[in-house]
Amino acid sequence: MPALLLVFLVLLGCPLASRSALEVPSATSGYVELSRDATWLRLLHYQGGGIGNTRSAIHSPEFFLDPQGSTDAAAELSATVRALHQPVVVGGGG
5 MPALLLVFLV
15 LLGCPLASRS
25 ALEVPSATSG
35 YVELSRDATW
45 LRLLHYQGGG
55 IGNTRSAIHS
65 PEFFLDPQGS
75 TDAAAELSAT
85 VRALHQPVVV
95 GGGG
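Numbering (the working numbering), first residue to last: 5 to 98.
These aren't lab readings, by the way, just hints derived from the structure by calculation.
Please read these numbers as outputs of a predicted model, since none were measured by experiment.
For each residue, glycine too, the CB sits at the ideal point set by N, CA and C.
It cannot be assumed that every hint is accurate.
Unchecked claim - Here are the simulated distance ranges between beta carbons:
1. G95 / Q72: 29 to 39 angstroms
2. V94 / G52: 16 to 26 angstroms
3. V93 / G52: 29 to 39 angstroms
4. P91 / G52: 16 to 26 angstroms
Put together the whole structure using the sequences plus the hints.
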């Protein structure tokens, strides 16, 4: 459960989290371990027999933020956190 709490603190930008915990991750950071969490893998609809042998059941590239997101949970987590730290664009016209 502590890993899940860390996900929420990081992804939601909770002010209670330390500044270092809110930094945008790289694929080689501590997020690699977090990306192996069963909850994260379920959110990505990953299937397979163990770490390194997983693939998402989702085949649409629009579902993932990282081009390798369907096979690389760490890259997808990193892209998700980066996206959550981007400014929100309201409106935009069209």
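Consistency of the hints with the structure:
no.	hint	verdict
1	G95 / Q72: 29 to 39 angstroms	32 angstroms, holds
2	V94 / G52: 16 to 26 angstroms	39 angstroms, violated
3	V93 / G52: 29 to 39 angstroms	36 angstroms, holds
4	P91 / G52: 16 to 26 angstroms	36 angstroms, violated
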